[in-house]
Each structure stands twice: as C-alpha cells, then as structure tokens.
Amino acid sequence: MRIQTSEDLDSIRKKGLQKIQPGGIRIGVGTSSCGIAVGGMALYNLLDEIIQTKNLDISLVKTGCIGFCKEEPIVSVSIPGKALVLLRKVKPDDVERIISLALHGDVPSDRVLCTISDWDHITGNLVYGNEFDTFPEYGEIPFFAHQKKVILRDSGLINPEDIDEYIGIGGYFAAYKALTSMKPDAIIDEVKRSGLRGRGGAGFPAGLKWEITKKAPGEEKFIVCNADEGDPGAYMNRNEMESDPHMLLEGMLIGAYAMGVSEGLIYIRAEYPLAIERLMLALDQARTYGLLGKNIFNTGFDFDIRIATGAGAFVCGESTALAASIEGKTGRPRLRPPRLTEKGVFGKPTDLNNVETWCNVPVIIAKGALWYSSIGAKGNTGTKVFSLVGKVDNIGMVEVPLGTSLHSIIYDIGNGGALGKEVKAVQTGGPSGGCIPVRLFDTPVDFESLNQVGTMMGSGGLVVMDEDTNMVDIARYFINFASGESCGKCVPCREGLKHMLLILNRIVAGKGTRQDIELLRELAETVQKTSLCGLGQTAPNPVLTTMQYFKEEYDDLISPEA
Amino acid sequence: MSLFGSVNRMVTITINKNQYLAEEGEIFLLTALRLNIDIPHLCYEKALEPYGACRLCMVDVVTCGKTTMTPACTIKVHNGLEILTDTPEIIKHRRLLFELYLAEAPKSEVIREMAAKYGVTKTRFLKKIVHDDPLFGKCILCGLCVRVCNEIMGTSAINFINRGPYTVINTPFFEHNPDCAGCAACAQVCPTKAIVFEDSDAERIMQSWSGTAVPLATCSSCKKSYAPEKLMDKVLDKLDPAIIEELRTLCPECRRKYITRMEIGRIPRS
Amino acid sequence: MDEKRLDEIIEKYPYPAGRTLGVLREIQIQERHIPMDTLKLVSEKLDLPLSELFALVTFYSFFSLKPVGEHLITVCMGTPCHVKGAEKILETLEEHLGLSGEVQDGKYLQTTPDNKFTVEIARCFGACSMAPVLHVDGELYGYVTPERIPDILEMYGWKR
Chain A
29 MRIQTSEDLD SIRKKGLQKI QPGGIRIGVG TSSCGIAVGG MALYNLLDEI IQTKNLDISL
89 VKTGCIGFCK EEPIVSVSIP GKALVLLRKV KPDDVERIIS LALHGDVPSD RVLCTISDWD
149 HITGNLVYGN EFDTFPEYGE IPFFAHQKKV ILRDSGLINP EDIDEYIGIG GYFAAYKALT
209 SMKPDAIIDE VKRSGLRGRG GAGFPAGLKW EITKKAPGEE KFIVCNADEG DPGAYMNRNE
269 MESDPHMLLE GMLIGAYAMG VSEGLIYIRA EYPLAIERLM LALDQARTYG LLGKNIFNTG
329 FDFDIRIATG AGAFVCGEST ALAASIEGKT GRPRLRPPRL TEKGVFGKPT DLNNVETWCN
389 VPVIIAKGAL WYSSIGAKGN TGTKVFSLVG KVDNIGMVEV PLGTSLHSII YDIGNGGALG
449 KEVKAVQTGG PSGGCIPVRL FDTPVDFESL NQVGTMMGSG GLVVMDEDTN MVDIARYFIN
509 FASGESCGKC VPCREGLKHM LLILNRIVAG KGTRQDIELL RELAETVQKT SLCGLGQTAP
569 NPVLTTMQYF KEEYDDLISP EA
Chain B
431 MSLFGSVNRM VTITINKNQY LAEEGEIFLL TALRLNIDIP HLCYEKALEP YGACRLCMVD
491 VVTCGKTTMT PACTIKVHNG LEILTDTPEI IKHRRLLFEL YLAEAPKSEV IREMAAKYGV
551 TKTRFLKKIV HDDPLFGKCI LCGLCVRVCN EIMGTSAINF INRGPYTVIN TPFFEHNPDC
611 AGCAACAQVC PTKAIVFEDS DAERIMQSWS GTAVPLATCS SCKKSYAPEK LMDKVLDKLD
671 PAIIEELRTL CPECRRKYIT RMEIGRIPRS
Chain C
240 MDEKRLDEII EKYPYPAGRT LGVLREIQIQ ERHIPMDTLK LVSEKLDLPL SELFALVTFY
300 SFFSLKPVGE HLITVCMGTP CHVKGAEKIL ETLEEHLGLS GEVQDGKYLQ TTPDNKFTVE
360 IARCFGACSM APVLHVDGEL YGYVTPERIP DILEMYGWKR
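Residue numbers (our numbering), protein chains in the order written: chain A, 29 to 590; chain B, 431 to 700; chain C, 240 to 399.
One chain only, chain A, in its complex shape (with noise of 0.2 Å):
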C-alpha cells in the first residue's frame, strides 16, 4: 500500500505500535554487529526454535543496539502491563528458562541489568507498566543515566528490519509535516535555528550548507550522506545504520524536499556489510510504502536514494575524495575552491552531510529548533553520540548534550579505567585529533573548546587509554596508520608522513635522537600547514598533542649520548 494521507500514516501507526506492544509476550534480541558477534543470532535461533516448535504465543523481533556494549548479549522481554525488562550477558543455557519464566510473567533476576517502565521515543511515547521494582530502573544505571538519547531513542528497543515499529513510534510524521505543510525554505529555516553542526567531524552549520546547495546553479544536484566512518575506534554511524535505518532516510527525504534534489546517494563503506544489509531492506520497504519513489505523499515531489560502497580507503570520508569515488575514481581529494556545494559528484552542486547529522533532522522537524537549540550548549546545540571504547571500564554508546566534559563521560558514564587501571588520557576525533591528558578532563565536549586543546570531536569516537598505554607508541600507530591511508597525492602527506614514521620507528626502538625530536616537530608542523587535504592536516596532531602532553615519554626513549 502506498502511504499518501496522514490517516495512511496513521494507521501504519497503529500496526506498528501493535507490532511493539502484541497484548502478549515480546522477546527483542540485541543483533547489530556486536551482538551478533557475541553470539546474538544463536540466541534468537534458539529462541526462535523453541517458540516454533511449542507453538507458543511469543512474538520474537531482532532489535538494534540499545548502546551498552559490554553487557552484549542483551535481551529484552516485554510483559503485558509490566515494565519492560533488559536481560544482560545472555547465554544460549538461559534461553529456556528465559521463555518459561515470561510465561509465567517473570524474569531471570541473575540476568536483570535493567526494567524500564516508559520510554520516549522523542517523536511517540510508550508506556510499558511498572512492577518489577527489586530491580534498578533504566534511570539508576549509571551508564543510562547521565545520557540524553535522541539519536539513540529507538535503537535496541524496535525492529530495524520492519518500517511499521519506526512508524509505530512516530517515525516519518515529520517528513509527511515537511513535505505537505511546509515551504522548503522554512525548513532549512528552523534547520539553521537549531545550530545543527555537522557531525561528521568539521563542526559546519547544516542549515548553511543546505542554503548554499539549494541557492547553487544547475537543475541537477544530489545529496550525499557520508557514512565511510573510517575513523579507528568510531562507531556510532554503524550501530544508527543497522539499529534505525529509517531515521537516516527520514532525515535524508526532509532534506532532498528543503533543497528540491530527487536524487540521494548513501556512501558507506565496505566493512560494514550488515548495515548495508539493513539500509537496502529499509530502503525496499521505504519504497513500497511510497515514502520513497515519485509523488511522495501526493506532493509531487520525487526522490529516491541509491547506496553506492567504498573499497577500503579512510581518505574517502574527505568530501572530494568521496565524490570522487562515488564516480568510479580512486579517492584522491581535489583542489578546493571550487566547494562540493558548487561542483561535486559528477560536476553538480552537491550537500554531504555525515549519517548523524541527517539522523538529527527528523527532530528538529518533529519538536522544533527551539526545542533541539534548548539542549547542549551556546553555539553547540543538541547531542553527540560517541564511541567510549578503550582501557575504559563501561565500554558503548554514549549519547550526551554537547557542551558536556570529557571528565563526566570516562568516569560518571564511563566508570573509569577498565581493570581498575589509572586513565591517563583520552584520543578523541580519531587520527586527525590527539590525545588529551586526564588534567584536561574538565574539558566540555564542543567544536571549539576540543579544538583549543589540540584535537578536535571528529565523527565521535573516544579511546580512552590507561597508565599502561605508551603514549609515543601511540603516536607512531596514528602515523603508521595516516600514512598506509595517504592517498599519496601530495608531497607533504606521502613524503613527510612516511619519514615521520620511519622517525617514530626510531624512537620507539629506542635509537632516536634529540635531533630527531627536532627533525619530527618540524615535519609535523609543514606537514600540517601545507597538505592538500583534512588527512595530512590533521594527522600530525597526535603527534604535536603528545609531545605537548607527554614529552617526558619522548625523554625516556631518547639515547643519552644523542
């Protein structure tokens, strides 16, 4: 059926919500890559078995990422009238007891890592029920409560694999509201409003880049969403893709429609095939139901959007490299001016924007700019998922306001360093940022205040290291990694990177000198100020950071007759 009024909308909706509350028992099991990995899909196999062959009245679902990584496998049971119960470390031995426990209206109490009574889902809201009160609630978790989930309001709790449960919980009334009742300049209007910044990493204002593709000449242009995410360490672009595809098609249609662009293309990269899995099923589904295609609720507008997929190459999350490789060329970036807004993929006016920032349009749209600028801080407005991974203890997804410090997320969120193990710094931006030592840890999450002390937010990844962690190791690891990812155009990146490295060897053998010290600042910082492109730019900046930050782990490595 073809979705075309608000009451198909509608009653898409009531299917949906029926699909998430049955009136009976629903199982929902963690199945993004991790918990895939850890094991996922033998326990929705197993599960699955079970229910069939007992013909029993459980409705089993696949679920995305609710963010708490450690605890994968995580395994959600809804009771009718009572609150919804997430089930943690799950093996494949606590399966059956899991089934005759539920329908006996209880939980396994040694797996609880959590009940939550109701949920908002920012766009809908569900009321699941109480009871359960031995058990600590969603918000007593320390991990859970000191996030704010915008982004991350569906992941692990609806089916990524079935449109109804995105609909179900209001998914898509906000392109249906921008697409028939607003003017497209009101909406990159009320974008430009909320301060949404790119996400990606540069920090630039959407709404103004949205303004620039839609004033650029030329009656073909395309919007891209970048989802390369090649940064070392960053997944959160992963876990929206395969826990709430529909929110990044959702983000992108409202943005097609404010621009007047039919064509949108998705670049995502090639390690990430259960993504492309879920965004190819989202995007049949989306076309079937004719939110996706010609006549989009009956508006005459036409879009539609089409995945193309990287080879292996971090250069190709640099915008000119991309629509370089979107056309079928190797990945090396090319001279700017002229912008992508004015010239990009295929010679036409082009807007990139990275997955989360499309996953933050709908939002907007659906609650308003004065709402999502009410959250995070002055000029660093909304929130910012990131990647906690590392020597840290509570190692997942952490969604937060901007604006929040480094020191709130490794250790109110984080629970410290893993292993009881003393943190000694923190890499955030991935290779283009550097490393921030635990006395900069006050530090607020923002564009500006990261960049002043040396790195920069990147696409979202944190890697936290501990007192064990050698940090001129690091340091050769970020340049061993830029440049096997130099796209070797210029003479900056290929040439400088490589002898930085072949310093760095030195040194970390133990064989280096002061004046190598010397020889690789001055590299690092040429390096920096001539390259073509983000990647040589930046890549010198764990370097320079740890030098700063860390000299006298340099000092140790110097010979002393040097």
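The hints are simulated quantities; they were obtained by calculation from the structure and are not laboratory data.
Possibly wrong hints are sitting among the right ones.
[Claimed, not checked] Under the rule of at most 27 Å between Cα atoms (straight-line distance), these lysine-lysine pairs were calculated in the DSS-like manner:
hint, chain 1, residue 1, chain 2, residue 2
1, C, Lys279, A, Lys376
2, C, Lys279, C, Lys346
3, C, Lys279, A, Lys357
4, A, Lys47, A, Lys119
Keeping the supplied structure of chain A fixed, place chains B and C upon it in accordance with the hints.
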C-alpha cells in the same frame, strides 16, 4: 585570455607590499610569474586544471589582517587581492618541502638546482634507494604525465598505481600497453625529465612504461620510419578531409619536398 | 569469471553513481580476487581504460590481485584493538602459520604455502567494544587473546 573574446578588466593587487595591475580572474601563479615575481612550482600546467600536488607554490593570502597559506595555483586575481610570497614561515615550509623532494628524487638535476636556488643543498631525510627504477630516481609523482595522457591526449595508457608512500606510475599490470600511442607527451611535460623512451628503426620503446613498444609508421616515399603509427592514426582522424591523401603518409621531410614541388608547379594541385 | 556472470553483475548497476566500485566489489567477493582477464573484460564492457581500472584495484584495500587462500583471516588494527594488544595477536598468527609479516606495496596480505589461510589487516570494522577482534571468513571473533588463536585456527582445519 585577453586576446580572444571578452577582455577581462584590470584590477589592483598587492604583492609583498607593492601594488600591481593584474587581469581579473587570472590564476595568481601565472600573474606573479609574468610580473617576474618568483614562486616555485612543479605540478602546474596551463593546459590542465590546477592539481595541487607539489605544494611549492604556497603563498600567504592576507584578508582582514589574517593570513592564510594557500597554493597560488588556486587563487584567482580579484580587486584588492593581497599576497605575501616570502614570509619566514613560507620559506621555512618551502625549504623543508625541498628536503623531502631531494630525498624522494635523489637523481634529479632539476630538483637539485631548484632546491639550491631556494637555499637547500642537502636533506636530513633518508634518500630513496634507486634500484631498477623505470624513472631513474627522478619522479616526483606530480601526475603531469598521467593527466596529459588521460585528459589531453585521451589515451589513458598510464595511471597511478597503489597509494600513499607506495604510489608509482606505470602501465596496467606493468605490462606493455597497446593503448599507448607513443606520442611521448608524457616525456615532454615531465618537469624532471624522468621519462625515458627510445626510437629504433621500427618502433618507439617507452622504456619507462614497462617497455611498451609502439610501431613507427614508415614514410611512403623515403621508406624511413618517422612517427608512431597509433599517433598518426589519432592525428589523421582529426585532420580536415580536404587534405590530400598523398600528404598523409609522408614524413615531415618528404612532405616539405612534396609541398615545394606543388608550389612550383611540378605536381598538379587537386 | 565467465562473461555471462559478469554481465549479470553489471546489470545490477544501471546508474553511474557507485557503479565501477560496485561491480569490482562483487567480482572480488565472488572470485576472491580480481583476475586480470576479468578486469580486461570490465574495461571493455564499462568502456573504461584498463589503466584506470588497475589504478582502482591497487588503490583500494578491498581488492587483491592475488587469490586469497581457503580461509581469510582479517585482523583489526584499529585504535581500541591496538591499545588492547592487536599487534601481539597478529604476531601470534604469523608465528603459528609461519608467515613473514611482510607488507607488499602497502597491502598486508599473506598466504600460507599450502594456501589454506590468508591473513590480512583491516582498519576497524566497528566492533570496538569487543577489542581485539578478528574475522575468519566473515565470522567475527571478539575479546581475542594470543592463547585463543590456536583454538580458533583449529576450527578451520589447522593442525598444531
């Protein structure tokens, strides 16, 4: 640009605190060179879009008191443009870049001379070990050969291979490439004269490009070989069909003789 | 790869955006590498110069010119994995499988002499919460330790 079509207006720009008149819209690198202001450059070629590989042409653009280092090949002249070409910082970065060039192309005379001109005579970096290098330790990967072959000649016989520090330029699979027309535009445009080819009686051998051998066309009159067959095909395709058949298969020497004889009436004109 | 199979793949990409890499990716997945003849066929069918296709295949890490062995082991060398000992994992694998750990042209791709195992590295598949991780034939293994390596290898027919 100003000889054909519309004339671009002249505007005032400032270079190193001196004022000059310059043509609006012109690429600043060209403007500076014309005004005899020295800016080192290696990968810029008028016939091609600016590429940005060599990073030597970087200058400071002054806007509202702030300076931004920008490659001169990307700056378009406009009224009020203010540029500094030799600040201490620019010189520092330029010199380090030359040290990198000396290490990358240790056998290149051109690089050695250019570096010396800017005060760099030795490099602190490990020089590339040149062993069986088809480009004899002179290639700086500026990409001019690839771009000329692809974008101007339309042949695409060579391209970049691998990426990052492992990048090289050659034919696909490092094999003789039948696509090559033997035009040697690559060798012509190479700023360090790294590309080597040799003509024998029967063929032109692009030694740098995995020995790609392109047969040479023979003159229908003197029977000597004179230009690669494939190149002749390409060129002849584009010629005015009115040009008589006899002229098409003659070498330059015989063509001259033929035309002379035509001029003095020995051969009837058609 | 026979021509008909290649035609089928190309048909799946009617639009220019993402077509070239899409086609090459499918070839790599099916043939476990990019055979020279297939690349030449692609050059004809997509009307692209062979030099351009060769540039693509050597630029992007996803493609290999040499066939991979029976089982493909991909070790993640992303930051969280590195910080949790990924290098030791790689070393342990090299030791057990008798590999030299050489990097050729920037690509780490080593195959055992009996062609049973190929080891390559990747820069993060986004499974950071279970660092260090590796894939064997697409199957993800998390929380890997050097001690677990022999057990994992044995599951794929390796003998101690």
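For each hint, the structure was consulted:
1. A hinted pair counts as satisfied when its Cα atoms are at most 27 Å apart, and C:Lys279 with A:Lys376 does not qualify at roughly 30 Å.
2. Taken as a hint, the C:Lys279 and C:Lys346 pair is honoured in the structure, with Cα atoms around 23 Å apart against an allowance of 27 Å.
3. A distance of roughly 17 Å separates the Cα atoms of C:Lys279 and A:Lys357; the hinted pair therefore holds under the 27 Å criterion.
4. About 26 Å separates the Cα atoms of A:Lys47 and A:Lys119, which keeps this hinted pair within 27 Å; it holds.
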